[in-house]
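Trainee: Sequence:
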Amino acid sequence: MSEATHGVTTGAVARRLGVSPTTVRSWEQRYGIGPAVRASGRHRRWMPQDIALLEEMCRLTATGVPPGEAARVVLGQQPDTLREETPLPSAPEADEVSQGEGREPGSGNGLPLGDVRQECRGLARAAVRLDAPSMEALLQQVIDEHGLVAAWEEVMVPTLHAVGRKWESSDDRYVEVEHLLSWQVSTALRRAAVAKAPTAKRPPVVLACVPSEAHTLPLEALAAGLAERGLPVRMFGGAVPAEALDAAVRRSGPAVVVLWSQARSTASHALARHVAGTSFGLRGARTTPLVLLAGPGWAGPPPGDGLLRPGGLREALDVISTVYRDPVHATEV
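Per our numbering, numbering of the sequence shown is gapless, rising by one per residue and ending at 902.
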């Protein structure tokens, strides 16, 4: 079905723009910015010219223009002198909403996104506007519709990387965008993990960043993915001291330990081998955990016995799921 011929739904428009469907409906009800065509006389179908008006609304409101005034400009009810009276591009993101990479429909407001899912562009738009409610709604929708792994790999990670690249290349601008986006992603992942946390008592998967490593989002994604598969998790977060990690492993008796390292400077193969050799359990039936070395910091020679290096979130989930199908590890405690 062609968008130019048949239009798109309100939900699809909202995802493209990175706003909530409620916002789109509110602009229509309050300011008359609505679709020219309604299927069967009732359902909204947004045509390209309608979407262009909404994109201009997003551009103006992102620069601080009140929605009512922005609507008057968009609908031509007030001369374009409003643009001259209102100091539009004062923030870096405002400049790039209206020029360069951010001009095309569905773009990420100037972020270097490339060829990505439409939901990714919508999330980028919402992030640049610091629109937390829209980010929250879009992230939840993506997880619900596509599952945790696809949401992480195809929407969250590309947007996070785009914001990071923009920050690095723009004299520390966009720092607030990255912080808010990271927080919203973390919130969505934790909510997903809690919503599907298993109740059966089985040896857990211990997740921890190595000492001096503070990047926890990939582990939070793994925690949510494990919960989605009904597997128990103990999340210890960032920069876990070696002594604390040793105590956590001995006290929890995990089937698997995942150690995250973002950079080679934080990866400690000696620590990983120590964890892999840690035994626990009753005398005569003691066991050791499988250790997964996750993250780019572990790149290099193949790991030793008891150590595996998964290639990404999906592979890590599959490896851990296989461990729990092994009756030796799946015995309830």
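You may find that some hints are simply not true.
[What the hints assert, rightly or not] Here are the computed distance ranges between Cβ atoms for each label pair:
1. Gln-598 to Ala-816: 55 to 65 Å
2. Glu-884 to Lys-770: 37 to 47 Å
3. Pro-865 to Val-744: 17 to 27 Å
4. Gly-799 to Glu-722: 41 to 51 Å
Don't read these hints as lab results, they were simulated from the structure.
Source: prediction; values computed, not measured.
All residues carry an ideal CB built from backbone N, CA and C; glycine is no exception.
Trainee: Take the hints in turn and mark each one as holding or not.
Mentor: Verification of the hints:
no.	hint	verdict
1	Gln-598 to Ala-816: 55 to 65 Å	holds, 58 Å
2	Glu-884 to Lys-770: 37 to 47 Å	violated, 27 Å
3	Pro-865 to Val-744: 17 to 27 Å	holds, 22 Å
4	Gly-799 to Glu-722: 41 to 51 Å	violated, 21 Å
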